[in-house]
Amino acid sequence: MLQDFYYALPIMLASLWSVGLILIEALAEKASLTKIAAQLGFILVLVFCFVVPNESHAVFYGMLKTGLFTNYTAGVFSLTGLLVVSISSEYLNDEDIHYGEFYPIVFLSVVGMMLMASSGNLTILFIGLELMSIALYVLAGLNRKLDRSNEAAIKYFLLGAFASGFFLYGIAFIYGDAGSLSLIKISSFYESHEPSGMFWIGLILVLIGLLFKIAAVPFHQWAPDAYEGAPTASTAFMSTSAKIASFSALIIIILTFASILAKTESFTNVLAIVAVLSMILGNLYALGQDNIKRMLAYSSIAHGGYMLVGIVAANASGLSGVLFYTLIYSITTIGAFGLILSLERKQSFLDINDYRGLFKTHPLPATLIAVFMFSLIGLPPLGGFIGKYLVFSAAIEADLTWLVVVGVLASLLSVFYYLRVVLVMFLEHPNDNVQVTEIASLNTVLLILALLTLVLGFYPSPLINIAQKAIAMF
Amino acid sequence: MILTLTIFLPLIFGILVFGVKKERVELQKWIALTGSALTFGLSLFLFTQYSSQASFQFEHLALHNWLGQTFDTAYRVALDGFSMPLFLLTGFLFPLTIIGSWNDINHNNREYLFLMLMLETGVLGVFAATDLFLFYLFWEAMLIPMYFIIGLWGGKSRIYAATKYFIYTLSGSLLMLIGIIYIGYLGAGENAGVFTTDYQKLLELNLPLDQQLWLFWIFGISFFIKVPLFPVHTWLPDAHTEAPTAGSVILAGVLLKMGTYALIRFNLTLFPLASHEFSMLIAILSIIGIIYGALLALVQTDIKRLVAYSSVSHLGFVVLGLFAFTTEALQGAILQMVNHGLSTGLLFMLIGMIYSRRHTRFISEFGGIKKTMPVFTSIFLITTLASVGLPGLNGFVGEFLILSGSFKSLNYGSYAYAILASLGVVLSVVYMLPMIQKVFHGKITNDANRTLKDLNPRELMVSVAFVFFMVWIGVAPGGFLNISEHASEQLLERLSKSHMQSSMATFNPN
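Here the protein sequences come in this chain order: A and B.
Per the numbering used here, the very first residue in the first sequence carries number 4; after that it's consecutive.
Per the numbering used here, the very first residue in the second sequence carries number 371; after that it's consecutive.
Okay, chain B solo, but in the shape it has when bound:
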């Protein structure tokens, strides 16, 4: 019940925003902030009740036979070790995003806040849903708010970016719908002959390899687009660059994680044999993504676009970790999802702050602003270092675990993957640090930069909240890794068991 309340609280406050007169912009913002802050409070409360040893918790079942008697679909939500960290991250990011972009929106403020809160409900729902149909509903329900956030409040080519985002995402998810219906009928075998989309019942399914092979892709394409994996990543730079600051933070912070999360939840768990089968291919694609994203980031002149391409690279690491099938890599991947949400989220936020002062994001427009904005500079530097994986900050822990896990991976069976991926770490330094140097160091070359104001208390508060967690995870990751440890071990057990069974079957034709 509390979980349901947490999921829908933002939406309720979003509707409340419309109760306020159009002119009272400040009050609207405070209502939205209260809503998302309460949501974070509730998700923290859930976290205190959370036990890392059990699997699904806080289960809530409602609206049984929601689509008529012939379909066992219902409102089923619960949290486990995979969804808990991302659920918390979502709760954490939204209030900070609303504070961070307090003065960014200058028209249709009510609609903007409503869409943001609707988006939050959608994201929380995706992470909590344990019914495939419900998952699909939440997944799709996010499409409309994000489309409008990019399209209405975005930059110059917002229309192009928004449309591209919409069509990319929808083409993937429509295929997923076919997969969901199909697996629902397969699930009938575990459910007295009734179509079911209950995730926990579908876990009992042991699908034959040939069915897994095509279901893997029909589900996977949608998730790979969302992650995004090379070669379906091209929507991301446009969407990230054109979205307003809050949109970029949320996109990078949580929306991309929905893809990687769904890969764990569905592809790895429900189609273990196909995951084994395709892991090499996925690993190669993610390594291409790591290096290609990094190389493209290297040549960008727009800071926001640079960070956007770095996301392609970072998410490549996460996917590589997922398909290595070792505890370290899997745990690292989950931690890296959170890390990327924090560091890239803050980077986009900081870029938004400088953009609101200078109305440009071109590297060449800046130079030497360390002198006028010392606090901003230090926070930007910390975030960058976290993003490139400096020991002591969060990014290092995740990347280290993923790389060492991939080295050890029997599944990959070759060091080449990990070695090539490490190249991405080196490249990330190559594209991030020169940017830092050009923007912050040296002499002030542009007169417009002489009068820049440093961070105000509001901006500082947001940044410090992010930095606090980056350092905490960097110094003491154990507590964070604990959340998902049990779930990861169970998943790996499931993967190796199904693999063993299938190889036994090939040895023993009876």
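Excised from the complex, chain A in its bound form:
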């Protein structure tokens, strides 16, 4: 039993720390102190992810599963948490919403994600999903004096609750067929039994729940409004880690049910259609956006589609490619949102035309945005390219060349709107009516993120090796 605590150290520590954070917030009543405590917590969890053993273990009576996969995803979650917390405080101050609660809520949400990625039981998966989502609903509505923010929270909450219902209903169906909630028991049950129609209904419902969180088309309707209305700091968090957590859960499901899914092609086909729709529609919608937050919201739908390509390929290289993609995607997206919130003032300066000539007046932020945009396009030598390359090559390995062709054409569409941001900043003349002020203290963090994007582009092999091992050792 004690051994179990050791194996699950990151998640244990994170849970404890989140409770501690609530206490600190209540006692100290100083948001900046809570921020430092949260940062410290994330760093500790991140360090622990490297310390605990990488072999797979089922702990706490099979409720949790630990190992390299868990450590990797927990590391990514706490890194995104750390980054979001680090870029947010000045922005929240400016918006007059610097409540200390922000930090415990982000932390709780990360605990939920870690639970999802280490679940050995469908109940844990659901608890993790809910913990994450409820925290996110609160984050979306953080700016409670603002109608847009309230609208975002309500929309996200109503549709999210609906999706959770689907998810739970799906679990019930699977339980009804297999007679167990433990993932290992379910998969060993189906080694000797044919899955019935009930199982498939259950699986599809579970899938819908997860695809909703990913904001894959056709379950994406909530995303643009929620992303636009929520405070930018929350948006940065929602659009990255929530997505990654759901992808980790998808990977767990794919790996657990691999033998059943291999028997049928229709499951892959359904996912492939979702991927195609997300890639094409996400990019098409993004083309028409002038609000940069909304544009990134739609583009994140498209990126969900690219990652789904790796899931559809369902081979080791595809799944590890998705793991790699999630990290580089979080880094670039948080970087892009970080720059937006560093320039944003009270919901203004969000229109793409406000960025006119930014390179002439503020060369550093403009260059950083350009780096992130080029990485999101997937241009070498930036990390975004490697991510896309890995999932696309996995799909070609799995004989899904047509899917890659669609993906490539979709990324070509994305060039138009990403490039438009760069074009407006670099090639057009500054707009004299718009006063630009940046939060200069953020530049260090964002510079580090841009450098990480470059480093992952130039020398990705260590991370790729870890991701591949994480899948192989699952």
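None of these hints come from the bench; they were simulated from the model.
Among these hints, one or two may not hold up.
[What the hints assert, rightly or not] Here are the simulated DMTMM-like pairs of lysine to aspartate or glutamate, each with C-alpha atoms no more than 25 Å apart in a straight line:
hint : chain 1 : residue 1 : chain 2 : residue 2
1    : B       : K392      : A       : E441
2    : A       : K363      : B       : E396
3    : B       : K391      : A       : E441
4    : B       : K526      : A       : E431
5    : B       : K534      : A       : D357
6    : B       : K867      : B       : E647
7    : B       : K534      : A       : D293
8    : B       : K534      : A       : E441
9    : B       : K526      : A       : D357
10   : B       : K392      : A       : E431
11   : A       : K363      : B       : D474
Since the structure is predicted, the reported quantities are computational estimates derived from the model, not experimental observations.
We have chain A; now place chain B onto it with these hints.
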């Protein structure tokens, strides 16, 4: 190792430029010039060590399994007979371009020099890469600097031109990426089941015709856009015209050659059967390009646009030579790549010089400037004559070899191709010489032209360096042709062998 140093030296100096204060513009330029001049020195040194009889030389392998254990991708560079001449040309053009456009850039000088040097590293890398994945990285890495060079320092409709350039190029290269991944998995058969993009291992592949047919296009479209071949040439006139002088020189001088070079390296070498299959079609497209480009050049009022369209025409010759599958034509095409880089590069440079004096490029604005700028006029005339193929200058040798090779070509099997292409030579005289006449000869009609200053020593030095090589290649092309002779013969052998094998297979169904 030296090859790697040569490739990355410009980038290193480009980063050094940022170490200098923003105001010290002169020092920045000198650093950039030193970097590119050293690079040229190193590429010359490589050339002295180069043996024309061997295939890949100066090999350097690093970063093995760069994308994880499941992909045999690595940093692999080497030079052979096809890449050596273009590698030298790149090394030669960049320092001269930096000198030639010394005073052209009046804002964001550091960024400009950095992008130029980054571009040089990209181009050198493309020519030296012997790993398909690395090739793709360098190919794409050039997109960003060129986009900004056109977009930030270009002419009036620079934004349109830069965006068009970006999207055209990227759409081609994304398709190429699919091709590279696909062929990487096919290559697994030659590499113990591991995905490989090692060019030399992929050379062992004998792909069946049906796979070659679609891979030819998925690779080829990207290269045809770059060349550019009719009908995907429309980005070129805009990009050339709107780019700053240095950008146009580099675009015409080396960037277009990357397309033709890649056609040799990948399409002809890896997909010989498909190349046979499609050679007629490509030849027809290139002849349309030759004539159409020439006709469009004929009606231009802007000198720079005129030269830009002439590039479409000239590159048509190169592609025609490539797909004739004769030694003369292939050798001529390779030489013509260098020739076009020299003569069109210098033409763009000269246009830049006159533009910096008069701030216009319209033919009608000039007239009779021979009287005020005699040295400029003579150099412009020499370059024009080289470009239209006057015997004794470089252009003639290339065009002659391509045309005679196409006449002899069994592959084309008809004289019609060569005859139609020769029409392009005639047309090139028709559009170039009247322009010369209108701009330089006659009376000075515009008062602004009376006070023009002739070339200064800096400009003269650059021009003479170009002219020197144009005359040298024109008079004694043998030394230059030698560089690629061995490689050309090997390629033709490969082409005919695969063709024979496949026709044997059709005769003998067993």
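Here is how each hint holds up against the structure:
no., hint, result
1, B/K392 x A/E441, "22 Å, holds"
2, A/K363 x B/E396, "21 Å, holds"
3, B/K391 x A/E441, "23 Å, holds"
4, B/K526 x A/E431, "12 Å, holds"
5, B/K534 x A/D357, "24 Å, holds"
6, B/K867 x B/E647, "15 Å, holds"
7, B/K534 x A/D293, "21 Å, holds"
8, B/K534 x A/E441, "32 Å, violated"
9, B/K526 x A/D357, "22 Å, holds"
10, B/K392 x A/E431, "21 Å, holds"
11, A/K363 x B/D474, "19 Å, holds"
Violated hint for the displayed structure: number 8, the only one.
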